[in-house]
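Here the structure of chain A is known, so what remains is to put chain B in place on it, guided by the hints.
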Amino acid sequence: MEPPSTHILSTTSPLDAIDICYERGWTDGLPVVPPTPDRVAALLDFAGLDPKEILGEVPVRSRSLTAEQAAANSVMAGCLPQYFPIVLGVMRALFEHDPNCIHELSSVTNSAGVLILVNGPIRKQIGLNCTDNLLSPGNRANSTIARAIRLILINVFEQRPGLLDRGCMGSPSKYNVCFGEDEENSPWEPFHVSRGFSPDDSTVTVASIQDPAMVSNRYGTGNGEGVMNSVADAMASHGLATYFTRGVQWFWIVGHWHSEYLSRFDWDRASMQRYIQKTAWRSRAHLKRLGAIRGDVVPEDENDPVFAAYNPEDIHIIKAGGNSGIYSEVIMNYYGVFATTVKI
Amino acid sequence: MVENVDSEMILVDPTGHNLNTSSLHISPRPSDLRGKRLGLLDNTKANAEVILRRIADILDAKYEFADIYYTKKHSSNLPPKPEVLSNLHQNADIVIAGIGD
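These protein sequence lines are chains A and B, in that order. Take the first sequence: its position 101, counting from 1, is numbered 101 in this note's numbering, and each next residue is one higher. Take the second sequence: its position 38, counting from 1, is numbered 38 in this note's numbering, and each next residue is one higher.
Extracted from the complex, chain A is given alone in its bound form:
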């Protein structure tokens, strides 16, 4: 029997409806916008989707995602209709990568969040923050797109903390790591162009991540290598070094002044990737002594480098952030969902 797609409430008060959403366990802890049929229809109409269309299935969970469910959760998150194509793009990227990865996002105890990086014209069309405070709360597009994904994971796939979300420490990244690249002020070609898309394409890149770590290098010396040494050091000292031996990827969100400084010395994306890859390592002996990787230290471990990234192209470089300070961010791309880019 097909399940009912609507709930009839004995109230006309939106405030009561918010309370009812809480009572039914439909929220992420914050109040949601009640998913009324007219609001849900506005998102579906914008995307040209039939409410019953199946967007994907997660075999291990025996669950599917319908367009209507995606739209209802996006409404609850506070999305405007024009944000919905990005929400759909994120889910499509996850389904295309491996439908079971959607379950994996919650089954892992290391509390992986979902990074959502947007490139292309859609950033400006919807007012996505690419610069000042881009990882903070405060901008509707960034906050509500990321929240829509979380609400879909909670409500459609039951990824509730303590239930199927098995995160140990949890993560603020589960609220919001959605931002755009500051393409207009970047010395390098846009990230999506470096991955084979046209500058006129709008894309979304999705990855499972650990929490971003700030890198403050204000006094970098030489020809820009000091900045990259700081980034490499932040990578190599990551608390989940045990993953280095399984292969992980990285995002380096290059802050405004770091990118400006590096551009003075003509560093391009490929040469920075090569420099950081060969610089970001710790000896196997060091990581064993820390307990970061398993085993007893043997003499040859002292001179055995364990690289934070196997390959230069495993380091994704994006220019974004404000110009009020001299910072970057480094994010480990946990191996569950490596960076996957789709056209919106």
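Honestly, the hints are just simulated from the structure, not real lab data. Don't take every hint at face value.
As the list claims (entries may be wrong) - Result set (DSBU-like, lysine-lysine): computed pairs, CA atoms no more than 35 angstroms apart in a straight line:
#, chain 1, residue 1, chain 2, residue 2
1, B, Lys-73, A, Lys-288
2, B, Lys-73, A, Lys-278
3, A, Lys-124, B, Lys-73
4, B, Lys-62, A, Lys-278
5, A, Lys-343, B, Lys-62
6, B, Lys-81, A, Lys-288
7, B, Lys-45, B, Lys-62
8, A, Lys-278, B, Lys-45
9, B, Lys-36, A, Lys-288
10, A, Lys-288, B, Lys-72
11, B, Lys-81, A, Lys-52
This is chain B only, laid out in the frame that chain A set:
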């Protein structure tokens, strides 16, 4: 689509539903472990094989298994690939799945 009427408000259901409504059944439990073929399913965590092999040794001393078949998933976070499950079906009467770290 239904419109709001009188004192009622309509909300669209944002929750997921199971695709397969047929109930799952637990395989019959063996009445005796003696002489059975034991399967071990390693979830890839660091000490999974250590604890599974130790348990197998202890049980084998008591029940004298016909065979002990060991296999491993490709990821601790994902279900076994079909060929891993198929091999377990072919090579084991009973299976111990465990987690180590």
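Verification of the hints:
no.	hint	verdict
1	Lys-73(B) <-> Lys-288(A)	holds, 25 angstroms
2	Lys-73(B) <-> Lys-278(A)	holds, 32 angstroms
3	Lys-124(A) <-> Lys-73(B)	violated, 44 angstroms
4	Lys-62(B) <-> Lys-278(A)	violated, 53 angstroms
5	Lys-343(A) <-> Lys-62(B)	violated, 60 angstroms
6	Lys-81(B) <-> Lys-288(A)	holds, 32 angstroms
7	Lys-45(B) <-> Lys-62(B)	holds, 27 angstroms
8	Lys-278(A) <-> Lys-45(B)	holds, 28 angstroms
9	Lys-36(B) <-> Lys-288(A)	violated, 40 angstroms
10	Lys-288(A) <-> Lys-72(B)	holds, 25 angstroms
11	Lys-81(B) <-> Lys-52(A)	holds, 30 angstroms
Hints 3, 4, 5, 9 from the list above are not met by this structure, while the remaining hints are.
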